[in-house]
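Turn these sequences into a full structure, and let the hints steer you where they fit.
Chains as they are written, first to last, in this note's numbering: chain C, 1 to 279; chain H, 1001 to 1379.
There may be inaccurate statements among the hints.
What the hints assert, rightly or not - If you want a taste of the chain C side facing chain H, the calculated C-beta under 10 Å gives, among others:
id: 1; residue: 164
id: 2; residue: 166
id: 3; residue: 171
id: 4; residue: 173
id: 5; residue: 176
id: 6; residue: 180
id: 7; residue: 268
id: 8; residue: 271
To be verified - Distance condition first, Cα-Cα at most 27 Å in a straight line; then the derived DSSO-like pairs of lysine-lysine:
id: 9; chain 1: H; residue 1: 1149; chain 2: C; residue 2: 263
id: 10; chain 1: H; residue 1: 1031; chain 2: H; residue 2: 1011
id: 11; chain 1: C; residue 1: 269; chain 2: H; residue 2: 1113
Said to hold, decoys possible - Simulated DEER-style distance windows between Cβ atoms:
id: 12; chain 1: H; residue 1: 1110; chain 2: C; residue 2: 231; range: 53 to 59 Å
id: 13; chain 1: C; residue 1: 165; chain 2: H; residue 2: 1122; range: 22 to 28 Å
id: 14; chain 1: C; residue 1: 273; chain 2: H; residue 2: 1243; range: 47 to 53 Å
id: 15; chain 1: H; residue 1: 1107; chain 2: C; residue 2: 40; range: 54 to 60 Å
id: 16; chain 1: H; residue 1: 1242; chain 2: C; residue 2: 187; range: 51 to 57 Å
id: 17; chain 1: C; residue 1: 263; chain 2: H; residue 2: 1238; range: 53 to 59 Å
id: 18; chain 1: C; residue 1: 20; chain 2: H; residue 2: 1107; range: 36 to 42 Å
id: 19; chain 1: H; residue 1: 1082; chain 2: C; residue 2: 165; range: 25 to 31 Å
id: 20; chain 1: C; residue 1: 158; chain 2: H; residue 2: 1035; range: 27 to 33 Å
id: 21; chain 1: C; residue 1: 125; chain 2: H; residue 2: 1035; range: 53 to 59 Å
id: 22; chain 1: H; residue 1: 1146; chain 2: C; residue 2: 187; range: 22 to 28 Å
id: 23; chain 1: C; residue 1: 251; chain 2: H; residue 2: 1093; range: 51 to 57 Å
These are calculated hints, taken from the structure and not from any lab test. Please read these numbers as outputs of a predicted model, since none were measured by experiment. Don't be surprised by glycine CBs; every beta carbon is placed ideally from N, CA and C.
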Amino acid sequence: MFNKRFNFILTMMAFGYAFLYIPIVSLIVFSFNKSKLVTVWGGFSTKWYGELFRNEQIIEAALLSLRIAVVSACFAVAFGMLAGFVLARMKRFRGRMLFSGMTTAPLVMPEVITGLSLLLFFIALQDLVGWPGGRGITTITIAHITFSMAYVAVVVQSRLSDMDPSLEEAAMDLGARPVTVFFAVTLPIVAPALVSGWLLAFTLSIDDLVIASFVSGPGSSTLPMVIFSKVKLGVSPDVNALATIIIAIVATGVVLAMVAMKKQESRHKRDIQIAAVAN
Amino acid sequence: MASDNTKDKSKSPWNDPYADPYISIENITKKFGDFTAVDNVSLKIYKNELFCLLGGSGCGKSTLLRMLAGFENPTSGRILLDGQDMAGIYPYDRPVNMMFQSYALFPHMTIEKNVAFGLHQDGMHKGEIRKRVADMLELVKLEDFAKRKPHQLSGGQRQRVALARSLIKQPKLLLLDEPLGALDKKLRENTQFELMNLQEELGITFVVVTHDQEEAMTLSSRIGIMDSGKIVQVGTPNEIYEYPGTRYVADFIGSINLFDGNVVEDEADHVRIQSEDTDATLYIDHGVAVTEGSRVGVAVRPEKMKLTRNRPDQADNVAEGIIDEVAYMGNLSVYRVRLKSGKIVKATLPNLDRDTEQFDWDEQVYVSWKPKSGLVLLS
Ligand SMILES: Nc1ncnc2c1ncn2[C@@H]1O[C@H](COP(=O)(O)OP(=O)(O)O)[C@@H](O)[C@H]1O
Ligand SMILES: [Mg+2]
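Following this line, the structure appears as structure tokens:
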């Protein structure tokens, strides 16, 4: 009876994981395919990787995406932090509900709408003040800042709400002026939230296809846009190679993060034990 | 005898009308919106006092303390510290330090850095800071933990770090918000004595907030009892215990037996009260200025009650009853006695000898007390 049920669960699990990972595994396998035909195995080769690195269009797009991601993540952290502070610290002011709703709206707004509205905004701005001078890297960066700062704001706000409010009072009580309090106490405590907010903003930016498609101009195609347009013309094996590289990077990142977390957790446990023994 | 008196006087400046208070709280009110958290409080606290603010949760103790530290601005009234008006002076400019209820240790700094924080703000020389911090950590017996982070310490150790951090700047006034709240009973008692020693040693004025009446009784030179934003009584632990001014205070400090009754005889040297709780009248050897017939309460502490099997030889202050419950506590026995009127009274008898007489469940007894044991409460 028990065994039967166990078998059932195992089967379901196998199906589930197969569903998730067979496409990815096949993608990786076919990236090492000698044949140009995507679905026919013609022997092992790494030539598509070589081809990929000779493909200037892809390399350029990747660099552009990275540049946009880094810049927009930095700005998103700066602006998101300010919004997070206001949301967490100013408990009562007129229109707080509206403000907090407006800050977090981009989280649930359909990307198509965000993209379209930003496009219309940039065109109107262009007509009015002659800036940003056509669409391209600037407009994509601005667009990415606007939607990713909402995520940063939420992360910072929750970190600040968890923080003991008397920490800052204690610093002030010991003679620290507000600026010192901020840099010596508040900032170090919210730093983890800023780091994770930055990573989140970076990922969102690298990942974005829809919004970038709306606000990009000629000659400023991001990596997702290039991949998408290549695939529209038929899947070529060098896209598989690119995807494999991205998967490798992401997997490494996830594993590193998990190891770091595990380490921290075990250190924390040990600390608690030490404290208990010392008491 | 005479020398005793002068000594008493120097030790109790609150009895000296010419003594200058160190902290003078004058008609302080604090409102949060429509809600009055602190209501027209006036209080004088003297140098080297260990003053306890005692009261139930939410009665405004912390708010009053935070106004002393400068974290809240009074809605009205003023606070003088050593004669200087504190209005508009920021927390970082006050010669006051506070130990927080949550300890508020900086989680990203080591114990050493936590303790040194205050000195760094003063721009003190590095070597001097190191020396002062080492001395302070030794004082609170944490020298081996200097390089640890707060989360690597136990509750008691964290409490001592918080204390060290608030003492390092040698403030003239130290504010402590429920300093021992998070400690277990044993550790609490030890720490109470450590606190008292420190206070005497360093000559700092302490204002301690607590909701624990035992703690307040043990620690303080004087206690201020708070109830919904108001100070209802200020006095030494002994005064508060023996002469509570109101039912609230009598009930809050220790346990008490309260009899309600009407004044039938009111002379300069005694009052006689007829209570529906007892057959005999209640006789108290101090007069009160009320009209005959008015309704008052009579408070008698459980340890001032006597239990006997035979009716004692006194006409007043005696009631017949049956033992309802017995609790043997070792050093004393606690009896709950059901009087004939149905009222339950509590009597605690010390177990002076191993064979001190014990009473049994359902035994018939007489509860009695002396004329000087009762206290008339008007409100
Ligand atoms: N910043 C605040 N805003 C609104 N109400 C407050 C604030 N601080 C305290 N109160 C209220 O004031 C009352 C007294 O609080 P407090 O002084 O912390 O009490 P306690 O005696 O338990 O320390 C409580 O009812 C509390 O809800
Ligand atoms: Mg409190």
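Quick rundown of the hints versus the structure:
no.	hint	result
1	164	holds, 5 Å
2	166	holds, 4 Å
3	171	holds, 7 Å
4	173	holds, 5 Å
5	176	holds, 5 Å
6	180	holds, 7 Å
7	268	holds, 7 Å
8	271	holds, 4 Å
9	H:1149 <-> C:263	holds, 17 Å
10	H:1031 <-> H:1011	violated, 36 Å
11	C:269 <-> H:1113	holds, 23 Å
12	H:1110 <-> C:231: 53 to 59 Å	holds, 54 Å
13	C:165 <-> H:1122: 22 to 28 Å	holds, 24 Å
14	C:273 <-> H:1243: 47 to 53 Å	holds, 51 Å
15	H:1107 <-> C:40: 54 to 60 Å	holds, 59 Å
16	H:1242 <-> C:187: 51 to 57 Å	holds, 54 Å
17	C:263 <-> H:1238: 53 to 59 Å	holds, 57 Å
18	C:20 <-> H:1107: 36 to 42 Å	holds, 39 Å
19	H:1082 <-> C:165: 25 to 31 Å	holds, 29 Å
20	C:158 <-> H:1035: 27 to 33 Å	holds, 28 Å
21	C:125 <-> H:1035: 53 to 59 Å	violated, 48 Å
22	H:1146 <-> C:187: 22 to 28 Å	holds, 24 Å
23	C:251 <-> H:1093: 51 to 57 Å	holds, 55 Å
The structure fails to meet hints 10 and 21 from the earlier list, while all remaining hints are met.
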